[in-house]
Amino acid sequence: MFVTDFMNLLSWSVFSKFDRSNRTSRSRCIDWNRAIFTVLAAVLLFLGTPQVALAQTATQAEPETVDLSSYIDDVIDRVTEFTLDNGLKFIVLERHVAPVISFMTYVDVGAAYEEDGKTGAAHYLEHLAFKGTTRIGTTNYEAEAPVLEQMDELFEQLQAARAAGDEAAIARIQPQFEALKAEAATYVQQNQMGQIVEQAGGVGLNATTSADATRYFYSFPSNKLELWMSLESERFLEPVFREFYEEKDVILEERRMRTDNSPIGRMIEAFLETAFPGHPYGRPIIGYEEDIRNLTREDIREFFEAHYTPNQIVSAVVGDVDPDEVRRLAETYFGRYQARDSSPEVMAVAPTQTEAREVTLELPAEPWYLEGYQRPAISDPDNVTYQIIDAILTSGRTSRLYKSLVEEQQLALSIQSANGFPGDRYPTLMLIYALTAPGHTVDEVAAAMDAELERLKTEPVSAIELDRVKTQARAGLLRVLASNQGMASLLPEYEAKQEIGATCLVNWRRSPLSPLRTYSEWLRKRSSRRT
Amino acid sequence: MQWFHQLQRSQHRKKLIRYSFIALATIAMILLGLGRMPALAQTARHYTELEFEPLPEIQLPDYSRFELDNGIIVYLLEDHELPLVGGTAMFHTGERLEPNDKVGLASITGSVMRSGGTVQHPPDELNLLLEQRAASVETGIDPTTGTASFSALTEDLTEVFGLFAEVIRQPAFPQDRVDLLKSQIRGGIARRNDDPDEVAGREFQKLVYGTQSPYARTVEYATLDNISRDDILGFYQQYFHPNNMILGIVGDFESEEMRSLIEAAFGDWQPNPNLEAQLELPEVAQAQTGIFLVDQPQLTQSYIQIGHLGGQLNNPDHAALTVVNEVLNGFGGRLTNEVRSRQGLAYVVYAYWNPRFDFPGTFIGGGQTRTDATVPFIQSVLAEIERIRTAPISEAELTRAKDSVLNAFIFNFQDPGQILARLMRYEYYDYPADFIFQYQRQVEETTIEDVQQAAQEHLKPEDIVTLVVGNAAAIQPPLNSLGSNVEVTQIDITIPEPQG
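Top to bottom, those sequences are chains A and B.
Note that my numbering has the first sequence beginning at 1, numbered continuously upward.
Note that my numbering has the second sequence beginning at 1, numbered continuously upward.
Quick caveat, the hints were computed from the structure, so don't treat them as lab data.
As the structure is a computational prediction, the values presented were derived from the model and not from experiment.
C-beta atoms are modelled at their ideal positions from N, C-alpha and C, and glycine is treated no differently.
Accuracy of the hints is not assured; some may be wrong.
[What the hints assert, rightly or not] Output of the computed footprint for chain A on chain B, the stretches with three or more beta carbons under 8 Å from beta carbons of chain A:
id: 1; region: 44-57
id: 2; region: 402-415
id: 3; region: 462-473
id: 4; region: 484-491
[Stated by the list, open to error] Partial list, derived from the structure: chain B residues whose beta carbon lies under 7 Å from chain A:
id: 5; residue: PRO297
id: 6; residue: THR300
id: 7; residue: GLN301
id: 8; residue: GLY311
id: 9; residue: GLN312
id: 10; residue: LEU313
id: 11; residue: ASN314
id: 12; residue: TYR347
id: 13; residue: THR371
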């Protein structure tokens, strides 16, 4: 009943879930973001460790549960993957249960790639990617383009005048700027791209920006495959970042709503700054207000040129499609992109932490308690262990923290976790958070949490507990397989983050020496050591 | 699932036909010495140059509907894609039927029914049995419905379905679980003013329906204190009977076997001959009109709701009002274009007709905006409402709105669970089973005049309630500049203290 979705708080989107038109699809998307976290473990567990699971349960009275291999085999058979000459990857999953297709353009670049002082650029770009192209969203691009450039020049002059406190200059430039803004508006066909998608029967059109990645997605009826190819390729082939200054106001409203006027929004910002000093994960994804105000169209253009290179993009197409047709169309449409070198990978190493750090915010609201622990990146073999720890602590009514803090001691109204907070490309945090129950304090919650974590460190996890978590992970995977949107979200993330996505699903069967075997070996050792 | 297979086959056939045609054409070209492969979609085309084949016609998947001797109405829909089974039971009850001095009773009953375990299986045991199998059984009562649902891997179906039936038929309602939940609800009351968006949503409903209306009233420390375990048992016994239940199951099962399982678990459950045939639903009338303010000096934004009492889904103007919704909202909707994209006044802005199945819903608009833009924001939204009432929408807008609904119609049929849930909802509210297809036809037939007439009849400026949750002192120009002789009524949201 007191469920707050941290993935929601950490992924910023162009349209709010509060908006009627995207209400259902948005919330579905959030569910899937969450599901991914659980399922990530599931795939590893399942693919890597069927033998281990059997070994684990051999001593239990419970029989081994569902054998997913035939269902996974079936998925593997339906996955096709290819890379265009320019480096752009496609993952296609055929699923013919209904004549619909879900699409996802996964750009392997998030807010962590921003320069200091230009926070918010990745999210700003995500908003502007809805503004059209040289042909969509404008009545006359040739006439529009010079106006946009003049505005940029005036904006820079305005910024300089503001910095110098030159009121006279501001008073002189501001009206010129407003006049140009009005002129530019006359060329705009507002939200035309979204309109084309919706009119053609597209649903769930939205995008999200997180610390690690930017996702653009929607679904079409299956007869509109080529329409997606046309619109989506054009979107990043010749984007025009129009209505730049109007959108700045929209983003500032978004920041006010989700950070400034939200107690937990403010807490997250302060918490991350404390947990990751000097690290990209320590900065707000939406950006600092001052940075958002200062960002120029050129900044966004530079970010786009540097990072939206074909080799940083993975597209997923899931549903009622013919993979050969997808490939043919992808080559025709996305083959238009020029191969470009992407910027070097951001090397973000979290500063070594030697003692606990704390931050307290006093706000006119009831208390929340958040506790984060450093954990390695998703690529680390220990990732699976953290997924299991997370499930043991907070997943379901039988989980240790829920049972102890919510049911038995009744110190907390709810207790949840965000594993991989705020991202997991780099070493990150496992976050646990709780809402205090009436009459109880955050100190009591902290002490009770500590006791459970201490128990985890000193007592082996019981086989039955581990078995439960693994069974739930497998079932979680099955439930995602039943969703086009879920799979469209899952596959490219695997591909990008672990290189164990569809390729490895395929390799797993073809090559017994795939990285998954390593996981399998690893987990077997760990399991035997622990039990 | 026959539908889906048929559908695949027919598409496959279509593809075969298409490819044969291409093959013939290719051969012809080669024979004619044209040489290279034809340029079928081998050059990228702008969206305006594309044409699309029609989608196959929608057919409902095979499902069965039958009634047990004790009155349970059952829907079964097989879906063998994955080894999963899920089901939902609906009971005619709801929070709207609880007494005014015991607000919270229905929701507590719906919650403890599951959290309190059953006569045979205390809570911890039940939790373990289910979670060890990655299964779930959940229950709840919302304003208009009681539900119990389960989800299981196929191989655990018998056992999980047994637990599901136990939860429905023999919930234990232990005192300690009742107390735990009441304490959690107290915690919720204490936190209910922490999020300004929640405050705006809640207070708007109270203004439209009235603070004591079953569709708007809130649980308070006092009403919570009035609720005893006997009340909970009484509420449960009043509504949870087989002749008050609709059961739907979808997934990987054989219908014959499933039917036996249902008979075994529910067949001996005796109906209640005294069950009221028709629930007496609360009267609904709009409570307030005018401008209202919740002062929250810490905010830098105003959270705004604008609207009035609305109508039901079975209103003959429903399709035309859907078109109104489409024209106003979404990407390229008037409000998004004007208030968000052009004026940059908000991240969220909307106004839509929000009908309900069996009681009047709302027409509700709003969003959030920086404090000093409060009045311009309200004026802009009101202006759009006025515009759609007084001027006909354009032909292009009508086409766009209808296309959006009709081209996306297939998404109402993308998975069997969704199809079954809709059929059950129609049965529950006594709507025709083909209601969604009637709606589709009505959208197809909607004209500009229909839209204009519906907007004029159903959007009522004189009834509008405007609610602002924001920093009163900083709202400049002030709210009373919204008209002449405007009175702004302050709402006090202080939470009444617990007694004793």
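Now for the hints, and whether the structure bears them out:
1. 44-57: holds (count 10)
2. 402-415: holds (count 11)
3. 462-473: With 0 residues close enough to chain A, the hint is violated.
4. 484-491: violated (count 0)
5. PRO297: Given a least distance of 9 Å, the restraint on PRO297/B is violated.
6. THR300: Where the cut-off is 7 Å and the nearest Cβ of chain A is about 5 Å from THR300/B, the hint holds.
7. GLN301: Interface hint status for GLN301/B: holds (5 Å vs cutoff 7 Å).
8. GLY311: GLY311/B check fails; min Cβ-Cβ to chain A is 17 Å, beyond 7 Å.
9. GLN312: The hint is violated - GLN312/B has no Cβ within 7 Å of chain A, the shortest such distance being about 18 Å.
10. LEU313: Interface hint status for LEU313/B: violated (16 Å vs cutoff 7 Å).
11. ASN314: Since the shortest Cβ distance to chain A is 21 Å, the answer is violated.
12. TYR347: The hint holds - TYR347/B has a Cβ within 7 Å of chain A, the shortest such distance being about 4 Å.
13. THR371: violated, 9 Å
Consistency with the previously given hints fails for numbers 3, 4, 5, 8, 9, 10, 11 and 13, ordered from lowest to highest.
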